[in-house]
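Q: The hints should help you fit chains A, B, G, W and R onto chain Y, whose structure is shown.
Protein chains: 6
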Amino acid sequence: MTKRPSGRAVDECRAVSIETNFAHHAEGSALIRVGGTEVLCTASVEQRVPPFLRNKGQGWVTAEYGMLPRATHTRGNREAAKGKQSGRTQEIQRLIGRSLRACVDLKALGECTITLDCDVLNADGGTRCASITGAWVALAQALDKMGRSSALTGQVAAISCGLTQAGAVLDLDYAEDSNAQADTNFVMTSDGGIVEIQGTAEDKPFQKKEFFALFDLAEKGIKELIEAQNKARRK
Amino acid sequence: MTKRPSGRAVDECRAVSIETNFAHHAEGSALIRVGGTEVLCTASVEQRVPPFLRNKGQGWVTAEYGMLPRATHTRGNREAAKGKQSGRTQEIQRLIGRSLRACVDLKALGECTITLDCDVLNADGGTRCASITGAWVALAQALDKMGRSSALTGQVAAISCGLTQAGAVLDLDYAEDSNAQADTNFVMTSDGGIVEIQGTAEDKPFQKKEFFALFDLAEKGIKELIEAQNKARRK
Amino acid sequence: MTKRPSGRAVDECRAVSIETNFAHHAEGSALIRVGGTEVLCTASVEQRVPPFLRNKGQGWVTAEYGMLPRATHTRGNREAAKGKQSGRTQEIQRLIGRSLRACVDLKALGECTITLDCDVLNADGGTRCASITGAWVALAQALDKMGRSSALTGQVAAISCGLTQAGAVLDLDYAEDSNAQADTNFVMTSDGGIVEIQGTAEDKPFQKKEFFALFDLAEKGIKELIEAQNKARRK
Amino acid sequence: MTKRPSGRAVDECRAVSIETNFAHHAEGSALIRVGGTEVLCTASVEQRVPPFLRNKGQGWVTAEYGMLPRATHTRGNREAAKGKQSGRTQEIQRLIGRSLRACVDLKALGECTITLDCDVLNADGGTRCASITGAWVALAQALDKMGRSSALTGQVAAISCGLTQAGAVLDLDYAEDSNAQADTNFVMTSDGGIVEIQGTAEDKPFQKKEFFALFDLAEKGIKELIEAQNKARRK
Amino acid sequence: MTKRPSGRAVDECRAVSIETNFAHHAEGSALIRVGGTEVLCTASVEQRVPPFLRNKGQGWVTAEYGMLPRATHTRGNREAAKGKQSGRTQEIQRLIGRSLRACVDLKALGECTITLDCDVLNADGGTRCASITGAWVALAQALDKMGRSSALTGQVAAISCGLTQAGAVLDLDYAEDSNAQADTNFVMTSDGGIVEIQGTAEDKPFQKKEFFALFDLAEKGIKELIEAQNKARRK
Amino acid sequence: MTKRPSGRAVDECRAVSIETNFAHHAEGSALIRVGGTEVLCTASVEQRVPPFLRNKGQGWVTAEYGMLPRATHTRGNREAAKGKQSGRTQEIQRLIGRSLRACVDLKALGECTITLDCDVLNADGGTRCASITGAWVALAQALDKMGRSSALTGQVAAISCGLTQAGAVLDLDYAEDSNAQADTNFVMTSDGGIVEIQGTAEDKPFQKKEFFALFDLAEKGIKELIEAQNKARRK
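As given, the protein sequences belong to chains Y, A, B, G, W and R, one line each in that order.
full-length UniProt numbering puts the first residue of the first sequence at 1, with every later residue one more than the last.
full-length UniProt numbering puts the first residue of the second sequence at 1, with every later residue one more than the last.
full-length UniProt numbering puts the first residue of the third sequence at 1, with every later residue one more than the last.
full-length UniProt numbering puts the first residue of the fourth sequence at 1, with every later residue one more than the last.
full-length UniProt numbering puts the first residue of the fifth sequence at 1, with every later residue one more than the last.
full-length UniProt numbering puts the first residue of the sixth sequence at 1, with every later residue one more than the last.
Mixed in with the good hints, there may be bad ones.
Which copy is meant is left open, because identical chains are indistinguishable; a pair holds if it fits in one copy or across any two.
Below, in silico cross-link-like pairs of lysine-lysine (DSSO-like), each with a Cα-Cα straight-line distance of 30 Å or less [as the list claims (entries may be wrong)]:
| id | residue 1 | residue 2 |
| --- | --- | --- |
| 1 | LYS107 | LYS204 |
| 2 | LYS3 | LYS235 |
| 3 | LYS145 | LYS204 |
| 4 | LYS223 | LYS3 |
| 5 | LYS223 | LYS209 |
Since the hints were made in silico from the structure, they are not lab data.
Everything numeric in this text was worked out from a predicted model, so none of it was measured.
Next up, chain Y with everything else stripped away, as it sits in the complex (with noise of 0.2 Å):
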């Protein structure tokens, strides 16, 4: 087993931050740092429902994922200017959105909509995660200040796993992301339930106890997320 490119232990994860309220006029935002991987996360209210949701005395809970076009190594398009969003920004705005509404209780939200727009300043790997895991602070902070804090229900993170040349880590950065044999992505609550699991071989078929030794790393990795969402709710 080679070491990792950071040094890092086999199952220990990024230094994770995040600020609230970086945003001025969100009703929730919350910019998350996971190494050298930033998103700014904001929650906006909108007193209105979607079609398919109307008169049904509930609300909705969705979520946009976007890169700045410079947050990469090299620039990226950009994807307003190529008048589309791309299959992966779909699957991953569609992850986000699936996470996020397995917290709140849609009938207690009441008729309005809740926006959660992810954008990456900074990418270093595991910007989806990143994404869910400061999402569910701006949510929570915007329910707060609606006073429907009730309607959250639990709370997610999300963490990266994968199998590189050190073997099973936990929380991926790009170096490491770009050369995984497998790359799996946990999104769990703080009770340990499980609200999506994606797991990806990229070059070769991998076993099952292999996803299982992923699994455990997860798990350990989600609980200090989980702090680190309960630090920046507590200041």
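A: This is chains A, B, G, W and R only, laid out in the frame that chain Y set:
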């Protein structure tokens, strides 16, 4: 525990049949039927590679997915008329492409592109899994025709499992899928390797042991699909 | 005069078969096969009308047309992926819609929309004509199911004729179509009425008497298609 | 039989005038007026061919069609603002292109593209026919300027005829066109060759002998348009 | 200082003429010619307002701008075919709209929308200024026809000035415009009010006193355009 | 005259700070804060030029502009999701590009493209001016890193001024901007050269002497911004 809507046992797959050569012109084709779900999968070989692979001495395997407007209970809008593919469509075709690339040696393939088109003629749940299972047969047939059978390094199939009112069940149909508490898709090889795992809590988070139960069911289902593929290949 | 590529007589149609109920969910469906051309036609009934017909006490009949990417000898790009329907596609679906509206009493239909989706599974020339002929069967079946058979005021079918190296011939296949000097499509009713005529010189202009010869062939061909429709309806 | 709204005889064309050089920069241009319909046709020569013709030693002739938003009784939406050309626009520009290619020897033209832009300044029915008739004059002028007059192998014009309350009539204006039972367009050469025929039943099917009556009217109308083209060319 | 390409004096406008009623159907229309630049401006009145103005008891004035593909020296791509309007087009039509709204009392107009379509038939520089100047005439004519002349609260015209090899000059034509060091557009009222000023250094920054010299020229030019508008109105 | 909403003197700019290196990967970056407006400006260097500059031995400088959906008081739709950039966005990014090109010797730059991405994180008026002022710092930093400092031929900054209820004022914030009678933007160099001037009457036309008063204010503001740029550069 209640019974499954179809009366099937919890670990019982739907009837599977795979008919090759339905498409007259394609290098490979498979019309797969899994219960009431029917997907026409074709493999098309073109002597070109995408820009990012030019002059690298390797080929490419990619997939596109579509659903005929009236494959479903109520008519869906035609994506060509709307002018864009939905996030769901893009997510599915990315999954199919990744899954099939996992069983091809792209260097052995040589400088060409194989496109797997998966078009749903009738939908009754599990269309993405049926697409992967059928596309593998079309792909294998195309590689045979090209005289590149050796580039095929594995055999993949896909099955869904879920938590329903009848408990953990194998191979969800539409009636189950639209009411499941959790929905998982497993893409696996004939020798038990994991290519892709996707698990989603639809309503409330689920537990690790529930996930493991679904995993066991999936392994049983994959074996049956692998057999159906082999049968179609022998014909 | 040379022989036709298929060996058919100049006034000989290809074998025609029409299979109903191929689509599981549609109110009406017909899988029409004309030689190597196969089109799945479905009729979908929706309880709404387009904006320009609201509150006018009448219904609407419209059509959409698509071709699976590998219905053809070489793979064509998927229109949903390109983000727009080609001029050819739009021209064909407008033709199908006009042709079917010619045999429906829209007032007797009532305030609903019937959409005829014609998707080409395999193409060997004459796909627009096969679409019209098949769509009529799907439409008739849907009207029966709705209890509105009386809104069906006529029976239409369509056939192509052309000037080829074998002279004026009936029902062009792809080999003929791609080399014809002139290509004409006739949409006619069972009692000899003209619904639509389209004639195009592909290479050099043609003469009035040549056009009349094509017209005579078309009348013969339409009779055979009407018979095939009736046979499918009787089943 | 009632009278025509314009008071014209059934076989009477509207006044036609064709003014060349209205466009300052184009290699050829014709502002054609047919009654209240005015179309500005320009021919633009570019030293390139579309990809499918590269290195084949031949040229290309194509057409684009547009209508100024307020060419019509009520303002239509600008297609550039809507972001796409309607099916009707595409159908018309494909027709114009085919019609003009029928009178050019593309090999004699050499490796260049001539684009015929037909923009309707004022519309009163028959805009597609006026476009073809005017575009031929612009095309001929451009070929003269290029010193390639010999590539012009024929002379085409187009006229509409229809079945109205006044019977079979020649050259429909808007008032007639919007109420006709059948609407037909004939694109023909100066020596009586057929380039394109399009006949559509708007309300109920029409009969073969009615179609032949329209054909006879068209032949008369084409002669008059050919004369107007010659007059414009002589100036 | 060298001479102007056209031989005009530095403070000399090109010949201006404005012809009303060129468009047959529009409530107001003006074909404006400024030297070799020709723009057809139409005013269309519709009994609706944009969503953001509903039930506010006021109307709206907006503009759209287009250029025929061969209005220019070399053919430009048709924006409707490209599927979007360029940044330049949008910038110009926003400018025209703002300029015309500056001389209408939207409350006095009542709940309707007037759309000014400015389509360039021939381009030789200064098309945006000619559009504004012509659109005002079309607008005034439409307000007269509506019996709402009192909603017209001012008279606007627009002119360009620039720094060229001949020094500060009035009313740039294309030859000057494409080589100018600075290009400025002034939209002003008949009583000397400023509606819009746009000044751009094309090559290197310019000085305050140069800008003032351009301003003085503009005031002279505006007077002449106002006179041309009045002349067209009197006819 | 009433007081300014912020209590500032009429000729008082908001506090300005410019932080470099906020973006981790870009060749140059500046996070500029002007009061409550925050824009992240990055400069990205790519070794290619647009098609129209190929083989001309010169480089290119261009800009793109975006606003995070919740940079504003109420959430705006994401342009990437809408599928196109608004006219406003395009107008602004064209302005930024022109302004920065005015201070670069494109021949000295060599064959490469520098793209300035200006993304608004928080908006409180004056975002286009802040973008230009910040982008200059990012551009200068990138040129330093490339060893091409000599290609930087000038220093530009931008400021808005307007006519408000407090009279002619410098550096409008959102509260002033949304109610101003006139809004002007000045892009100027450190030695007083004019790069771009845009002045718009929002409500009613304004007078020449008012415009000159705004011009004087702008010159004062530009000096302060130039100083802030220099301070950021020295760090």
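Q: Quick one: LYS223 to LYS3, C-alpha cut-off 30 Å, is that within a copy, between copies, both, or neither?
A: within (24 Å within a copy, 38 Å between copies)
Q: Is it within, between, both, or neither for LYS145 and LYS204, if the alpha carbons may be no more than 30 Å apart?
A: between (48 Å within a copy, 25 Å between copies)
Q: Cα distance capped at 30 Å. Does LYS223 pair with LYS209 within a copy, between copies, both, or neither?
A: Both. Shortest intra-copy (22 Å) and inter-copy (19 Å) distances satisfy the 30 Å Cα cut-off.
Q: Between LYS3 and LYS235, at a C-alpha cutoff of 30 Å, which is it: within one copy, between copies, both, or neither?
A: neither (36 Å within a copy, 37 Å between copies)
Q: When no copy is specified for LYS107 and LYS204, does a C-alpha distance of 30 Å or less occur within a copy, between copies, both, or neither?
A: Answer is between: at 14 Å across copies they meet the 30 Å cutoff, but 44 Å inside does not.
The structure shown violates just one earlier hint, number 2.
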